[in-house]
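Trainee: Each chain is listed here by its residues.
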Amino acid sequence: MFAFILQRLWQAVIVVFAMSVLVFCGVYAVGNPIDVLISPDATQDIRAAVIAQYGLDQPLWHQYFAFLGRLFHGDFGRSLVYNMPVSELILSRLPATLELTLIAVIFASLAGIPIGMYAGYRPHSLLSRAIMAISILGFSVPTFWFGLMLIMVFAVQFGITPAGGRGDTASLFGVEFSFLTADGWAHLILPALNLSLFKFSLMIRLARAGTRELMLSDTVKFARAAGLSEFTVLSRHVLRLISIPLVTVFGLELASTLAFAVVTETIFSWPGLGKLIIDSITSLDRPVMVAYLMLVAFLFIVINLVVDLTYALLDPRLRKGRA
Amino acid sequence: MTAAPLGPLLEVTNLKTWFPSARGEVKAVDGVSFSVAPGEVLGLVGESGSGKSITGFSIIGLIDEPGRIVEGSIRLEGRELIGLPSHELRAIRGKTISMVFQDPMMTLNPVLSIGTQIKLALEAHEKISAADARERAVKALAQVRIAEPEQKVDFFPHQFSGGMRQRVAIAIALLHRPKLIICDEPTTALDVSVQAEILAEMKELVAALGTALIWISHDLAVVSSLADRVAVMRHGHIVELGPAFGVLTKPQHEYTKALLDALPSRAKPGQLLLRGAGIADAAPPPRKSATADLPPLGSPYLVIDNAVKRFQKPMGFFKEIAIKSGIFRPLPVVQAVDGVSITLKRGEVLGLVGESGSGKSTLGRVAAGIAVPTSGSVRLNGKPVMSEGRGARKITTRIQTIFQDPFASLNGRMRIGDILAEGPLAHRLVTRAEAPDYVRQWLAAVGLDPTFANRFPHQFSGGQRQRIAIARALAMQPDVVVCDEPVASLDVSIQAQIINLLIRLRAELDLSLIFISHDLSIVRHLCDRVAIMYRGRIVEEGEAGTIYDNPQHDYTKRLLAAVPVLPQAAE
Amino acid sequence: MFDIAMRDTLLGRFLEEFFRNKTATIAAIVVLLIVLTALAAPLITPQDPYDLTSLVLRDARRAPGYVGIGGYTHWLGTDSQGRDLLSAIIYGLRISLQMGVIAGGIAFTIGAVIGCAAAYIGGRFESLVMRIVDLQLSFPAILLAFVIAALLGQGRYQLIMALIFAQYAYFARTAHGAASAERQKDYVEAALSIPLSPLRVVLKHILPNSLPPLIVVATVQVASAISLEATLSFLGVGLPPTEPSLGMLISNGFQYLLSGRYWISIYPGLALIIFIVSLNLVGDQVRDQLNPRLRR
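Chains as they are written, first to last, in the numbering used here: chain Z, 1 to 323; chain W, 1001 to 1571; chain P, 2001 to 2296.
Derived from the structure by calculation, the hints contain no laboratory data.
This one's a predicted model, so the numbers in the text were calculated from it and none came from an experiment.
Heads up, a few of these hints could be off.
[What the hints assert, rightly or not] Distance condition first, Cα-Cα at most 30 Å in a straight line; then the derived DSBU-like pairs of lysine-lysine: (1) P:2022 - W:1383; (2) W:1152 - W:1203; (3) P:2204 - W:1288; (4) W:1203 - W:1095; (5) W:1027 - P:2022.
[Unchecked claim] Label-pair restraints from in silico Cβ distances: (6) W:1306 - P:2177: 46 to 54 Å; (7) P:2014 - W:1208: 53 to 61 Å; (8) W:1066 - P:2177: 47 to 55 Å; (9) Z:25 - W:1161: 48 to 56 Å; (10) P:2026 - W:1110: 36 to 44 Å; (11) Z:230 - P:2241: 29 to 37 Å; (12) Z:183 - W:1110: 45 to 53 Å.
[To be verified] Calculated from the model, a selection of chain Z residues having no Cβ within reach of chain P, i.e. all distances over 10 Å: (13) 72; (14) 85; (15) 139; (16) 182; (17) 282; (18) 297; (19) 309; (20) 312; (21) 315.
Backbone N, C-alpha and C define an ideal beta-carbon position, used for all residues, glycine too.
All chains should be built: construct the whole structure from the sequences, respecting the hints.
Mentor: Now the structure itself:
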């Protein structure tokens, strides 16, 4: 087990390293940062000074190591737009996004898995067909359009929820969260619903496919032949078996939900990271882009690591084999 | 039908289980009647598709959708089971009737410990505390002779071998002292020696507990070693039912006779089976490849010298670096073939026998030039069969291979004609103009209709596909054919036809064969010489008759003793 | 040589089974209709949305059924610039389809080549290439597309590049999985044991048998490319405003949504959804038919 964790950490280091190269090349080398930094009518002297200040006259690999060195010290630079340290900026926005993402994914899993299992258990019933129709729809409707519809119906037509913003927040461990206040929930519900629709459909499909295959398996047949009730078969055998692939997907989806939060946050004016990255891309705020990408990469690695460890906990075949 | 003295435990009358399909009803079980007395062992025998398994699943009420019982009655101690509400059926399953399945690798849940699985089965029928459940689980494992049950109860299925897993499944089936156990081919997926152990244990347990048994199998010899009575099934009907000894020694029905005739163990070695049925008349097309350099029959031909084949788990890029830089221990190496030297004489049939994991298939692949040996050499008539160095490839066409699973060994996207012509065309054994005719001649030679050349593999049965695979190998005009379990996945009657075909073609073409099999009776029937493999080595080698009649090595003796034998009628 | 007509080919059986499913058949017909409509857009639309001279500002934001200056009825209303929405939607579908098919097609080819090559060559090349692909797959396609589109700027080719980069990894993964699985199979071993040349085995045996899972992925990925394009255009990093893609139309209507002019966003959205749902339904049926584990 220890060797396994060590191996994953070693891989994570390599991945972070690879990401830093990619991000550096992607963000710094594509296009000319000088054009952004300096106004076109600046004098030659100012140009040269700025170039020297940012080290842009150095060879590329030199610039890269300077960049890497700053990263190591947690220095992501200053945002060109907000004129504050990027790390501070990002940390102030992170809780809002994490809150939204986690609520969306947890809702999608808690609702999607049982519903999907039912659809896989009785694949031909009318209800299952309806579930599948909904999941196909949820799978196909673009997130942004579904968000618009939610606003139109609940905020504009019925006026029961606000159309955007984060609402009142309360402090927990020194961080502000919306889910601690009623007004916060009112603001949270539509974006969370919006963000979770795709995951919800995905969970339904995966749980259904897994259950359907397992119901035909000898394992389930044998359990039934031993007289186990259908509920026990589903809750003890089938759920345990499908949970292994579902955990992987849960992890991956947590990551992709973080990314899709970009869309949802734009529509619902949710003051999170997604909104920040959109703004920084449109205003070419490179330090923010770099920091965001590195943060996302880091989060993905952490999530993958947690997934792998959970995997080993769930599947006894991995526990022995890898250690 | 003789009435059991105590009144039947189970009485099945005119059972019909059908499966609707796009092409109408498939009558899997179509009017089956039999009874089982308390403590009796009934053998249910038949080939694939005979309906024997579906009969078993009908009794326990676990027919897969969309199948259903359309007619008939199943009475357990006088109580009708058909039409019972599902919760009442569930109360019977596992308690009064239980079942053991064919593949122990698939039946146990891989992510639950053995103890948990036993506990779930206990809780299905009684309220029981966790401590009591554990104690019962330990006892249940001890009952099926699992050593150190206190520790094993916390094991997961992957920590057990196939035979042990099947024992666990049997332990679960026995938990509630059922009156009837249905065993669906429970030893088919196991090695002979394990099969023999489980058969013996089963016999003992059933006698001690007074449990009745329905033993479903395709193997007449296995059934004969256990059953009091035997029912022979075909196309959803029981064609013959009677005391085991009588049915197997003096069969009344034509089909039973044919089944028995198909068994190589009942024929003289080398003889055509089934009284020569299923033999094609057409001769193979004349050989065109050079024959001048062939040594005379009986002289050493294919020489395997000190072959070793190791397998290592493939590693990822990073892992490889990590291991090389010493961060991780190297991965364990599996030694599949551990220094084997053996010579195949020209014109001879060499049997390669062993249980699963013995390395016989790997040795076959090395001999056939499919797998590169880690060290050692394979030479055909003095020339290497593979090129040297990195990316080593087979360079001779004189060795060809026939694979086990005819459903996997034919490319489903090519027509039969293209499958057969591809090799000969690539190696210029025939011209493009000659090819269609060449293919038709080969199809006729393996007993198939020459017009089949236009069809796709999915249109053929397993036996027909294996004939196609044989034609594909022989169309390359080889001298040596490596047959890797070529009949293992076929029904006995089809198996007999393929054996006949091999016997005939081998004689006509002066072929040398390496015949790899786990089935000792087929090897005895076909082979001149036999090599017994165990853990990557050949433990004994010699003339077939000598080895079978007078085995020297302990392993060979155990193996031969484990083979179930049919009762022979006094002549 | 042996290709004398035999209708019971695998494809024939496949289609027969496909058309037995009514939902999938209807979905396939809808996809076909949409494709035909999009192809024939210039012939059947009342207005050319690219032709700015035909736009009249007085016609802007009119409700469905309004008869405009041009003398024809705007069945689905008009957008903020006075475009006939029906025409704009049909042209929008045309753009979406173009993007989806071009990006999907190129991503398919690149992915299939990379995946098959990795499976065939094996060794370090395989593990390195597949590591990169896996790493990329752990990043959501939308994020990659978003960043690339943002870096490259607006425009058709930039968008296609972004979509390809976001999607090729899915094809590479699938192709690699399928080709490695096929490579293990007996028929490939049989072909190699004849022996046939490795190139021939790859082209004639492994590749054709690896296609089915790739086709399934392709249907899903074309649908997701279309959705991705709309999303990027909606966020303002996709197509330029001069090309009225569906995402752009919806985005333009967003600001009018709150004032009750729902049609500008809703109808393009519905068109998009009908198209994507149909594609996914077709993909689902194909997947079910090709899944050996559900067959007995």
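Trainee: Each hint: holds or not?
Mentor: Right, here's what the structure says about each hint:
1. P:2022 - W:1383: Between residue 2022 (chain P) and residue 1383 (chain W) the Cα gap is close to 62 Å, so the pair fails against 30 Å, i.e. violated.
2. W:1152 - W:1203: holds (24 Å)
3. P:2204 - W:1288: Holds. Residue 2204 (chain P) to residue 1288 (chain W) sits at ~26 Å (cutoff 30 Å).
4. W:1203 - W:1095: holds (20 Å)
5. W:1027 - P:2022: holds (28 Å)
6. W:1306 - P:2177: 46 to 54 Å: violated (38 Å)
7. P:2014 - W:1208: 53 to 61 Å: holds (55 Å)
8. W:1066 - P:2177: 47 to 55 Å: violated (32 Å)
9. Z:25 - W:1161: 48 to 56 Å: holds (53 Å)
10. P:2026 - W:1110: 36 to 44 Å: The hinted range 36 to 44 Å holds for residue 2026 (chain P) and residue 1110 (chain W), with Cβ atoms some 41 Å apart.
11. Z:230 - P:2241: 29 to 37 Å: violated (57 Å)
12. Z:183 - W:1110: 45 to 53 Å: At 48 Å between Cβs, range holds.
13. 72: holds (22 Å)
14. 85: Consistent with the label, residue 85 (chain Z) stays out of reach of chain P, its closest Cβ about 22 Å off (over 10 Å).
15. 139: The assertion about residue 139 (chain Z) is violated, with a minimum of 6 Å to chain P.
16. 182: Its Cβ never comes within 10 Å of chain P, the nearest being 24 Å, so this holds.
17. 282: violated (7 Å)
18. 297: violated (8 Å)
19. 309: holds (16 Å)
20. 312: holds (18 Å)
21. 315: For residue 315 (chain Z), whose nearest Cβ neighbour in chain P is about 19 Å away, the distance exceeds 10 Å, so it holds.
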